[in-house]
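Asker: If you want the building blocks of each chain, they are given just below.
Number of protein chains: 4
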Amino acid sequence: MSDIARIVSEIAEEMRQRPDRGDVATYIPQLARVDPNAFGIAVVDAAGNVAAAGDCEVPFSIQSISKVFTLTLALGKVGEGLWTRVGREPSGSPFNSVVQLEYEHGIPRNPFINAGAIAVTDVILSGHQPREALGEILRFMQFLSDDRSIYIDEAVAKSEKATGFRNIALANYMKSFGVLENPVDFTLGVYFHHCAIAMSCRQLAMAGRFLAMHGFNPTTGCPVVPDGRARRINAIMLTCGHYDGSGEFAYRVGLPGKSGVGGGILAVAPGKASIAVWSPGLDATGNSHLGRIALERLTKAMGWSIFGA
Amino acid sequence: MSDIARIVSEIAEEMRQRPDRGDVATYIPQLARVDPNAFGIAVVDAAGNVAAAGDCEVPFSIQSISKVFTLTLALGKVGEGLWTRVGREPSGSPFNSVVQLEYEHGIPRNPFINAGAIAVTDVILSGHQPREALGEILRFMQFLSDDRSIYIDEAVAKSEKATGFRNIALANYMKSFGVLENPVDFTLGVYFHHCAIAMSCRQLAMAGRFLAMHGFNPTTGCPVVPDGRARRINAIMLTCGHYDGSGEFAYRVGLPGKSGVGGGILAVAPGKASIAVWSPGLDATGNSHLGRIALERLTKAMGWSIFGA
Amino acid sequence: MSDIARIVSEIAEEMRQRPDRGDVATYIPQLARVDPNAFGIAVVDAAGNVAAAGDCEVPFSIQSISKVFTLTLALGKVGEGLWTRVGREPSGSPFNSVVQLEYEHGIPRNPFINAGAIAVTDVILSGHQPREALGEILRFMQFLSDDRSIYIDEAVAKSEKATGFRNIALANYMKSFGVLENPVDFTLGVYFHHCAIAMSCRQLAMAGRFLAMHGFNPTTGCPVVPDGRARRINAIMLTCGHYDGSGEFAYRVGLPGKSGVGGGILAVAPGKASIAVWSPGLDATGNSHLGRIALERLTKAMGWSIFGA
Amino acid sequence: MSDIARIVSEIAEEMRQRPDRGDVATYIPQLARVDPNAFGIAVVDAAGNVAAAGDCEVPFSIQSISKVFTLTLALGKVGEGLWTRVGREPSGSPFNSVVQLEYEHGIPRNPFINAGAIAVTDVILSGHQPREALGEILRFMQFLSDDRSIYIDEAVAKSEKATGFRNIALANYMKSFGVLENPVDFTLGVYFHHCAIAMSCRQLAMAGRFLAMHGFNPTTGCPVVPDGRARRINAIMLTCGHYDGSGEFAYRVGLPGKSGVGGGILAVAPGKASIAVWSPGLDATGNSHLGRIALERLTKAMGWSIFGA
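For the protein sequence lines, the chains are S, Z, W and A, in the order given. Numbering-wise, the working numbering puts 246 at position 261 of the first sequence, and it's gapless, one number per residue. Numbering-wise, the working numbering puts 81 at position 96 of the second sequence, and it's gapless, one number per residue. Numbering-wise, the working numbering puts 108 at position 123 of the third sequence, and it's gapless, one number per residue. Numbering-wise, the working numbering puts 25 at position 40 of the fourth sequence, and it's gapless, one number per residue.
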């Protein structure tokens, strides 16, 4: 058993036993009924070895983690021109704030707050039908994970749509400034669906490999994105990936990462590993409570912090 | 000539010739009269070699870069308890905003916006006279740089004080919430003075070594701070070191860094080098225009980005 | 010719000649194509005499002036309980700000900013179909004006709906806080339609009589609202009726009033007169430029200011 | 006994017995130790008759009510030019907010929030020594009240200064935008002292007569201000006189009024009476709880609402 495998296994065991588990998101029934005791972890290292433990094969709703991949697609489609539609500064605000949008005339601060991710989805959608755009996103996830079984949980998407008044507000607000090009319903339809993609930790860690490996997909040996773009996506994950807990995550974990309200976190140790953790209970900033703690343990044990090994 | 020395030399030459130089800060005469054509750079690598070029020996006003060192001192004095007085999240606001303070009841978001740095200075001051606290800060800088010639520019400190109404407002505002313990005048006196420390790029790069070298001071071989603390200070520099241009700096340069309105930037390549650049012209976010560009060149040439070599 | 008739006539003549006319709203074509040289005025005094001049018979889009009448209906329906759904403080913000909504958890500050008027419409709608609610509002206007010819301009309503992203955002944002009870589309449908009611100055001045006459409708001799409620609606018009120009209107005109982006203003001189003016050009705060000036002239000439005859 | 005298007497008796008294301000000891059971009222009518009851002769700290009189003096000194230094729109914010100042570049929204009153004091001070300016303000109060015994409570002024960090912050913040002309300490010294003027309800009602009587001082028969200016000051009192409870006061009382944190309220029934009430307990918006209720009773009984008798 490798060092990584042993450490991953120990972390999973420790997390399984901790009584502090955070609070599971309850705004839609599909998330509310997830088992709060679930914990999964998967690490893919530079050599392609996978170390996984706990509920590492259980699909969960990746939610905002999908924003890393839509950002990647949108940069592929329009390049640096994307930054006329969305900023790349940390927000200092909750993930669904409209205040920032008003002060900055409808331009979201970064692609990882909800407004920014909706703007990014609008870029991917332009020139396509919603169904096509969504298919492109899903196929991209399947390609990166090398796993055709990844699917969209339609019940989650439907619930998100039925209760997503705040996101509808954000989208219409941006539309009023001309930041969205497509009909609001179309853009939001794609957005709600890509947030409803279900993946396991193993699948997610596989999907994140290109960010850890200079833009390459180790399965195919081909670049997914240029080296510099992978670095830049990592930079945005570091500064903006955990909403108003981004500073905390950088301080404690020291890796680029992106969290989702389903309790998942994708983290990247550049040159070393792609990591996915999942524990449904959230902390006060809306990020997975045990997920963050598990990553802190892992980074420390492996010496993977980007701020000094 | 080493690779680093050659690259540093080329960068200095290129920066010397560029016509775009940003705008020199003019709010006090001492900064306004600095030569906009100045450019200096100094790099100290892990082996202790120094590569320097341009105006690398000219002292300039380090201004907010001093906040890295007062943060280090305050953490040494009160440890993690510091975080009850100041947050560590990026601000999404200009460096001197009072809005954030009102919404968060007088607690500054991080130690690198002005309000946060004033709160940190207040921590250092507690139990001391202003003169003693200031002496401690200055001696710390001299010790880290291994250079007793570092001094405080009294004319700068005096001008800052005479025109620093915004900082006086911030300090009194925090005092109204009980965030400051000492008399406002005392705390601000120390703050204005440590921002007025004058250092050259060479001295500054030397002073930053402990952040690049796991907390060690290579001159003495003794730890300045524990390894983990150096990492954590680097994390805060990455997320908060360039005010509302922090995301941009992470995106383009990919190193922890702290800028000052005097045109200096201290950057840290963990495990590899401590770097100081200086060019007085600022960009729209108040950070050195050519300083940032020079660091972008250097990081790319050396493969030092923390987001993927 | 009475004094009022003479003054009204002189004001209309003066306004007709002034070169400064403000800027006509252009966000929908139906408003953009209105003649900027139009000016109408109508005054109904306590004895029921009507003095009118200029384009006093030309119907214009009353827009936000309709909010006075929906407020009256909603108070009639749920009484003081209305104030759990909307506040009654001036806003200190533009008419369509979302910032205030975020800070006050979805409760609009007053019934005259857009968000507040949408919440009021939602109250009227509850228990009804949109068509019924709209019919009730229209019949109320016809009853108050004693004129069955008042109509809704469907083209305006349709344009408002097609471009009203900001209002859609506000409504969904309130819905996310549970402030709206009905489907957002239903509430907005009624809102966009009642804002599209077209009336002439004469009709509007007639409709406002109950506010000037202690709640009575002089035509029928019956109370429309209790005396105290008329006073209270007047109070809200005074403090909130001109968005972020409410203080200015109180300072210069000294009467309760409500403006609309179509260039109309309804003003009330308690115990003395109901007044309607119309001039399509708006000032920087979105209120009729010449309308306000005309009212200032009239109040001064008649000694009608509520702040001291 | 006149009607007014009887009503005033009944109100005082009712207020004496009510158990709900609000919370006395405690931020300085001088205010905290005031008897919460105190209640005073005084009404001066157009004929000069005084009706008073309860603790109507007890001097209390008028605090922000002084802002009505400094506004009057500043308008006398610089006329309408004053409005380049301060706005006249309701604020929609607490009395000591800095947020509004940041968004409007240091220009306070109106002369009755703290920042605005400090700016007004600065106007009065210009060209004078602080002692002279303060003397002018005090003599103006004595002249208006026709009572030379009115004094400044030095202990209150001193306490305000020692604890007034928020006001010091506001003043320095405005100074940073160039809105204040004089040294901050000078302006604040005068401000803290005029807020510490002590007056009884009788004296205060006398001082407010000119606002009720078209600008005239009935004692001398001479105008204090032009008719139009009295109206305009009344308008500002109506829209801005009770901070974020101004809408509520207009809605319930229907008179221009200005409250102070000492529990006093000066109200004006144009053409009819000047009224002062005092009860130290405050409501959630910082205005006298029983003072407002007493005025509501009085206005209703006398038919004095400006929104419809």
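Some clues are possibly wrong.
No distinction is drawn between identical chains; accordingly, a pair holds when it is met within one copy or between any pair of copies.
Said to hold, decoys possible - Here are the computed lysine to any residue pairs in the SDA-like style, where the Cα-Cα straight-line distance is at most 20 Å: (1) Lys285 - Ser144; (2) Lys285 - Val210; (3) Lys257 - Arg18; (4) Lys285 - Glu65; (5) Lys285 - Ser111; (6) Lys257 - Val43; (7) Lys146 - Leu67; (8) Lys285 - Phe201; (9) Lys285 - Gln114; (10) Lys257 - Met287; (11) Lys146 - Ala269; (12) Lys285 - Glu(-2); (13) Lys257 - Leu58; (14) Lys146 - Pro4; (15) Lys285 - Arg116; (16) Lys146 - Asp170; (17) Lys143 - Gly91; (18) Lys146 - Gly64; (19) Lys285 - Pro211; (20) Lys257 - Glu121; (21) Lys257 - Gln2.
These aren't lab readings, by the way, just hints derived from the structure by calculation.
Asker: Which of the numbered hints above does this structure break?
Answerer: 1, 3, 5, 6, 7, 9, 11, 13, 14, 15, 17, 18, 20, 21
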